[in-house]
Amino acid sequence: MSPPQPLPPLPLKPTSASKAATPMARTTSLSSVTAGDEKDAALPQYSASSQSVYATTPIHSLLGTHVDLSRLSHMAQLLSRVLERQPLIKGSVKYPMSFTGRTLVHTIAAMLVQFITISPIMDDDASILPVHAHQMALSIARSLKTQLFVHEVDWEEHVLTDDVDGVFMLFSDHSISDKHGSGLDSAPGLPVDQLFLRDATSSVALSATGAAACASAQWDELPTGLMTPLTACYSPTCALSHTSSCYVPSCPRFRRGFVCGKEESTPASTTAPMPLAWVETVPAEIVASLPKDEVKRQNAIHEFIQKEESFLSDLALMKTYAQRLQSLAQTSHSTTLRVDAPLRGDTLTSFVADVFGLVDPLYQHIAVFVDRLHERQREQGIVVQTLGDIVVQSALEWADAYTSYVAHYPYAQARVKVEAASNARMQQFIDDCRRDPAAQRHALEHFLFRPPARLQRYHLHLESIWKRTAEANDDREALTLAMHIIDEQCRIAQDGVTAAEQHLEVRAVSTRLHSKRPESFVDMDLRHPDRQLRHRATVYRRPDNFEFEWTALEAILFDNYFVLAKPKKEEEEAEETESMLREPSHTTPLFVSKRPIPVSCLEAGGFLDPPLVRTTGSRRVWPTPAGEMYAFSVWHRFRPSAPMTLYVTSKEEREAWRTVLLQSAQAYCHTTPSFHRVDVSGDAFAPGPHEPLLSSATTPRDATWTPTQVTCVTTWSHRASDTVLVAIGTNEGVWFGRRGQPASLRKVLYTKHVTQVAVLARHRRFLVLADRTLVAYDLEALVPSGGRASPSVAPIRLGGTRDVQFFALGETWQGPMLVYAKRKATESSIRLLTPITIRVPGTDEDVLTGFHMQQKFYVYPEATGIQCTPHALVVCTPRQFYLYHIAKAELVPYPAPRQHDEAAQVLLRGWDGARPLGAFSVPSVGWLLCFDRGAYFVDDDGQLVHAERRMVWEVPVQYVAYSDGVVIACGESLLELHDAQTGHLIQVLPGRDLRLVSRIDAAAEPALLQAPIPMVVETRTSTHHTEPVPVSTHIQRVSALVRTHTHAPVSHSMTIT
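The opening position of the sequence shown corresponds to residue 1 in full-length UniProt numbering, with each subsequent residue numbered one higher.
Among these hints, one or two may not hold up.
[To be verified] With a Cα cut of at most 25 Å, we get these calculated BS3-like pairs of lysine-lysine:
#, residue 1, residue 2
1, LYS888, LYS822
2, LYS752, LYS822
3, LYS856, LYS752
[Unchecked claim] Pair ranges (Cβ atoms, derived):
#, residue 1, residue 2, range
4, PRO87, ILE390, 15 to 25 Å
5, GLN364, GLU445, 18 to 28 Å
6, PRO120, GLU84, 24 to 34 Å
7, PRO529, ALA453, 24 to 34 Å
8, ALA642, PRO361, 54 to 64 Å
To be clear, the hints were calculated from the coordinates, so they are not data collected in a lab.
Don't be surprised by glycine CBs; every beta carbon is placed ideally from N, CA and C.
Make the full structure from the sequences, and use the hints.
The following block contains the structure:
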């Protein structure tokens, strides 16, 4: 950029006609401002003092004064008051009222950014405006130095650059100190982002802050010149044609951007000049006077600083790339054509955040570090004595920024590769970055890798300096500490890189995996940031009697699932097909051939079996010319299916599989389970002293007595002590006790054949369905709450005699509701009842006196369960669900027979024949319809939603429940726990003869049931010490599922044989 052409000085003049106002003023007193001027109240406080050596001008008279920064006189007048000065040290000499070249250039650039943004004749892209402003600011600063408005403190002649090497002063500050002896050391400056405003004529004028700056600035002996890129075009229509080209060939509006600045500032050669060594920058007599080790040390320090400057330039270039990419997505004001941007919208935002998001924090720390290095060079002169303290301080400050960038580098690199492979415009942008002269033909990946490489190079640089530092120099200890700090940062960053690479590998595999059948899709949660890929290799399946070739499969062991996938068949040449199977590539789609097996359910064996040897005359094509295949088997320990026998080509590979499977099992055993079982019943239901003990060889059918069978469980909070109580219903009666204290269980009801119990806590009623008769007992009579005695209330019988099939409680918009079903010959009659209460005289308690039937409807063929909601009932039948709208009294199939989405229709057809088990309302997701095979979500209209969150059970289940955001599916030998929001498998709990006995409708009635806790009953073996030998018997025990808050290892170990 060429220097400005000299012009006569044009000082800022007030717009008012006040004759007392002089053109310029050094300082002014607010007391001279007119009291009626409301704008003056917000001006900075400047008072007249001994520093006032020029005439004063009222600030209000300068408000709204036209300003033009294309004139150096205007720029200098403002700069002399806005620029921040402070005492700086150079060559061990302290210079007051001084500043660095970086402070000067950045201040001018900030003034230009505000000026160009407000000016109506300026037209520049906001994303690249700081780059343009920086180029013009550097040219303006050099012009000011040429006219001695700015000079170096030691009056040496060096080119002014945007760094902290040079220390400068304003000539006016130097002359004022000499003449008046003011003794000033520093000047705070003014905020540069509030200097200008647009006046009524759409011109740039002084704001309150700008007027105060001009009122206190020197006005004589100002530099002269004109910045052509900041001038207006002589065409009167140019400023009004922002979206079209100007007819003037030399229009400044089209010459103030990269076109002009870049052409003039770009060197002719793209090769960077070779940096000079320290010995080449200092006089030869100084080099000759120093020992050889000290010369080598100074060369190492000089090289270290040069490398850090180069690293800072590369970080700045990456920031420029990010700004350039963002500017391409915006409409260009200099042409009517819209540039084809590589990325737009959210994609652009996420790309910039993933690739360049961590560059700026690191750039800030490295810029401070470089400034400290230059400041140390100024303070200690040519020979730098100490450096370690600066490195230690900066290393402690940049720890988080550096390690975060290095750990995130694999993600940034992967994002660039993915976008370049799928987006031709992005590849073109990357090629343009490579052709940028500032890049010196380096690709974008080179600059992204600069921070990881630089962090590892610090130790080598510091070690080189440390080796040549004298033993008596205190800098050796600081350098040693700095190397230890940086080595620790390298280890932390490497751990992050390893985790990121593993996550990217898992992500790459997950994008290749596909399911053949949508209804059998299993979400393995492969997007989880902690997911790990433990092992991956090619295995083979042996051909059967009708095949002649071995089937190549890809076996993948994650930390949570074992997957067998088959690569997609590609078109191959005939000779390749006949000779040998081709290995699957890393981009071939993989189709899951068998259902994935959770690691918690995985078993393996056969690792000691002899190899399979190829026989003479075999017509089958073997995958290896060695003729030996080593087998091992894997299977699902809870699923009734045959083991899958897999083959590998070497004994070492089979041993590797055995090792990783053992390690995976051990890692799973040391994880903390989400839930654990708490014994509720103990041996309360074991045979009594006069009942025979049944061994494992004796069945209840052979016994002369009926063993106790647990049928239902419910929990509630005791009103007096807030103790969680439990009620267990059996075929022999009902037991009450405290949860977690089996010894407290007592039999309180001797009613036979109890099938369902519940607590209506609001009305202190205990509901019991025994022998198909529903009775509401007074809970106070069964469990006294203590304190003031309450009168006993007689039991209430609901329905007829032995005609109630089941009941459910819920909270609707009308209040508490009791729903029960009566079985007819070919259908079920569903009845909705609401409580009838009366107020006890003299108290605030309501007493339940009965129930009133609100509605009645019928379901064909029969109802097996009901879930209450505020506005509807979900009825479960052996074949499908129904939704009953209470307000409309309408029963409709659920889900809707016709889906809006064809894919959803196909998916639901795959669930035909599944037996419904229950429906639950999951907040912010929808209705979860559970079947014996799995579950999926639908909305209130019955349309399938969140198909990716559907669940597929590991084993066929007979019972389901929902509690505290967890879906519990119970089979005979396995208890599965799934996250209700995502559908992911959380945990499995093995057992024997498992049954869920807690109420299925407990999730929808928090006001009715105060402590809903999932309960499960299972058969366990208990040993009784009898004579002459102990006898083992099978008893039923009730356990509560409770969340785990402390570390407890998983009670499961994989069997490897």
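Comparing the hints with the structure gives:
1. LYS888 <-> LYS822: Cα-Cα ~22 Å, so holds.
2. LYS752 <-> LYS822: holds (20 Å)
3. LYS856 <-> LYS752: Roughly 29 Å separates the two Cα atoms, so the pair is violated.
4. PRO87 <-> ILE390: 15 to 25 Å: Holds, since PRO87 and ILE390 (Cβ atoms, about 20 Å apart) stay within the stated range.
5. GLN364 <-> GLU445: 18 to 28 Å: holds (23 Å)
6. PRO120 <-> GLU84: 24 to 34 Å: Since the Cβ atoms of PRO120 and GLU84 sit about 30 Å apart, the hinted range of 24 to 34 Å holds.
7. PRO529 <-> ALA453: 24 to 34 Å: Check passed, 26 Å falls within 24 to 34 Å.
8. ALA642 <-> PRO361: 54 to 64 Å: holds (57 Å)
Of the numbered hints listed earlier, the single one contradicted by the structure is hint 3.
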